[in-house]
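S.K.: Just so you know, we're using full-length UniProt numbering here: the sequence shown kicks off at 1 and counts up by one.
Don't read these hints as lab results, they were simulated from the structure.
Take the hints with a grain of salt, since some may be wrong.
Claimed, not checked - No farther apart than 25 angstroms at their CA atoms in a straight line, the calculated lysine to any residue pairs in the SDA-like style are these:
#	residue 1	residue 2
1	Lys49	Asn27
2	Lys40	Arg28
3	Lys45	Asn22
4	Lys45	His13
5	Lys49	Gly29
6	Lys45	Ala32
7	Lys53	Tyr42
8	Lys45	Ser35
9	Lys45	Leu24
Said to hold, decoys possible - Restraint ranges, calculated between C-beta atoms of paired labels, are given here:
#	residue 1	residue 2	range
10	Gly57	Ser35	31 to 39 angstroms
11	Gly29	Leu54	32 to 40 angstroms
12	Lys49	Gln23	20 to 28 angstroms
13	Gly57	Leu26	40 to 48 angstroms
14	Tyr46	Arg12	18 to 26 angstroms
15	Asn27	Tyr48	31 to 39 angstroms
16	Ser33	Gly57	35 to 43 angstroms
For each residue, glycine too, the CB sits at the ideal point set by N, CA and C.
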Amino acid sequence: NHDDFEFVPNNRHERIWRTISNQLFLNRGLAASPSQCRRKWYSLKYGYKNLKKLEAGKNPTINQ
(Lines of atoms letter the chains of each structure in order from A; the text may use other names.)
(Lines give C-alpha, C1' and ligand atoms only; values in the text may rest on other atoms or scores of the structure.)
Protein backbone atom coordinates (compact mmCIF):
# COMPACT_ATOMS: atom_id res chain seq x y z
CA ASN A 1 0.00 0.00 0.00
CA HIS A 2 1.44 3.36 -1.03
CA ASP A 3 0.30 5.10 2.16
CA ASP A 4 2.25 2.58 4.23
CA PHE A 5 5.32 3.08 2.03
CA GLU A 6 5.51 6.78 2.91
CA PHE A 7 6.00 5.90 6.57
CA VAL A 8 8.74 3.31 6.03
CA PRO A 9 12.09 4.51 7.41
CA ASN A 10 14.42 5.71 4.64
CA ASN A 11 16.92 2.95 5.36
CA ARG A 12 14.31 0.38 4.25
CA HIS A 13 13.39 2.12 1.00
CA GLU A 14 16.36 0.67 -0.89
CA ARG A 15 15.33 -2.84 0.14
CA ILE A 16 11.78 -2.20 -1.10
CA TRP A 17 12.98 -0.91 -4.49
CA ARG A 18 15.35 -3.88 -4.80
CA THR A 19 12.43 -6.24 -4.12
CA ILE A 20 10.33 -4.50 -6.77
CA SER A 21 13.22 -4.70 -9.23
CA ASN A 22 13.72 -8.41 -8.54
CA GLN A 23 10.00 -9.16 -8.90
CA LEU A 24 9.84 -7.32 -12.22
CA PHE A 25 12.64 -9.51 -13.49
CA LEU A 26 11.24 -12.77 -12.10
CA ASN A 27 7.63 -12.17 -13.16
CA ARG A 28 8.06 -10.19 -16.37
CA GLY A 29 11.66 -10.67 -17.46
CA LEU A 30 12.11 -6.90 -17.22
CA ALA A 31 15.56 -5.85 -16.04
CA ALA A 32 15.24 -2.54 -14.18
CA SER A 33 17.50 -1.36 -11.40
CA PRO A 34 16.06 -0.34 -8.05
CA SER A 35 16.83 3.31 -8.83
CA GLN A 36 15.06 3.03 -12.21
CA CYS A 37 11.98 1.65 -10.44
CA ARG A 38 12.08 4.47 -7.90
CA ARG A 39 12.45 7.17 -10.58
CA LYS A 40 9.62 5.69 -12.63
CA TRP A 41 7.31 5.57 -9.61
CA TYR A 42 7.95 9.19 -8.64
CA SER A 43 7.65 10.31 -12.26
CA LEU A 44 4.23 8.65 -12.51
CA LYS A 45 3.18 9.98 -9.10
CA TYR A 46 4.08 13.61 -9.80
CA GLY A 47 2.81 13.42 -13.37
CA TYR A 48 -0.56 12.32 -12.00
CA LYS A 49 -0.59 15.14 -9.44
CA ASN A 50 0.24 17.68 -12.17
CA LEU A 51 -2.52 16.31 -14.41
CA LYS A 52 -5.04 16.69 -11.58
CA LYS A 53 -3.89 20.29 -11.01
CA LEU A 54 -4.25 21.05 -14.72
CA GLU A 55 -7.72 19.55 -14.77
CA ALA A 56 -8.64 21.75 -11.80
CA GLY A 57 -7.36 24.83 -13.64
CA LYS A 58 -4.26 25.27 -11.48
CA ASN A 59 -0.71 25.82 -12.69
CA PRO A 60 1.22 22.62 -11.82
CA THR A 61 4.56 24.47 -11.75
CA ILE A 62 3.39 26.58 -8.81
CA ASN A 63 3.25 24.74 -5.50
CA GLN A 64 -0.39 25.26 -4.47
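S.K.: Does each hint hold? Answer for all of them.
M.R.: Here's how the hints hold up against the structure:
1. Pair hint Lys49 plus Asn27 does not hold up; C-alpha atoms about 29 angstroms apart against a cutoff of 25 angstroms.
2. Note on Lys40 and Arg28: the hinted pairing holds, with a Cα-Cα distance of about 16 angstroms set against a maximum of 25 angstroms.
3. Simply put, Lys45 and Asn22 have alpha-carbon atoms about 21 angstroms apart, close enough for the 25 angstroms limit, and the pair holds.
4. Taking the CA atoms of Lys45 and His13, the gap is near 16 angstroms; set against the 25 angstroms cutoff, the hint holds.
5. Using a Cα cut-off of 25 angstroms, the hinted pair Lys49 and Gly29 is violated, with the two alpha carbons roughly 30 angstroms apart.
6. This hinted pair checks out: Lys45 and Ala32 have alpha carbons roughly 18 angstroms apart, not beyond 25 angstroms.
7. Between Lys53 and Tyr42 the CA atoms are separated by roughly 16 angstroms; this keeps the pair inside 25 angstroms, and the hint holds.
8. In summary, the hint linking Lys45 to Ser35 is supported, as the alpha carbons are separated by about 15 angstroms, within the 25 angstroms threshold.
9. Straight-line distance between C-alpha atoms of Lys45 and Leu24 comes to about 19 angstroms, which keeps the hinted pair within the 25 angstroms bound.
10. Checked against the hint of 31 to 39 angstroms, the pair Gly57 and Ser35 passes, with Cβ atoms roughly 35 angstroms apart.
11. Separated by about 35 angstroms at the C-beta atoms, Gly29 and Leu54 satisfy the suggested range of 32 to 40 angstroms.
12. At about 25 angstroms, the beta-carbon gap between Lys49 and Gln23 stays in the expected band of 20 to 28 angstroms.
13. The hinted range of 40 to 48 angstroms is satisfied by Gly57 and Leu26, whose Cβ atoms lie roughly 44 angstroms apart.
14. Our hint of 18 to 26 angstroms for Tyr46 and Arg12 holds, since their Cβ atoms are close to 22 angstroms apart.
15. Take Asn27 and Tyr48: their Cβ atoms lie about 24 angstroms apart, and the range 31 to 39 angstroms is violated.
16. Range check, Ser33 to Gly57: Cβ separation about 38 angstroms, and the 35 to 43 angstroms hint holds.
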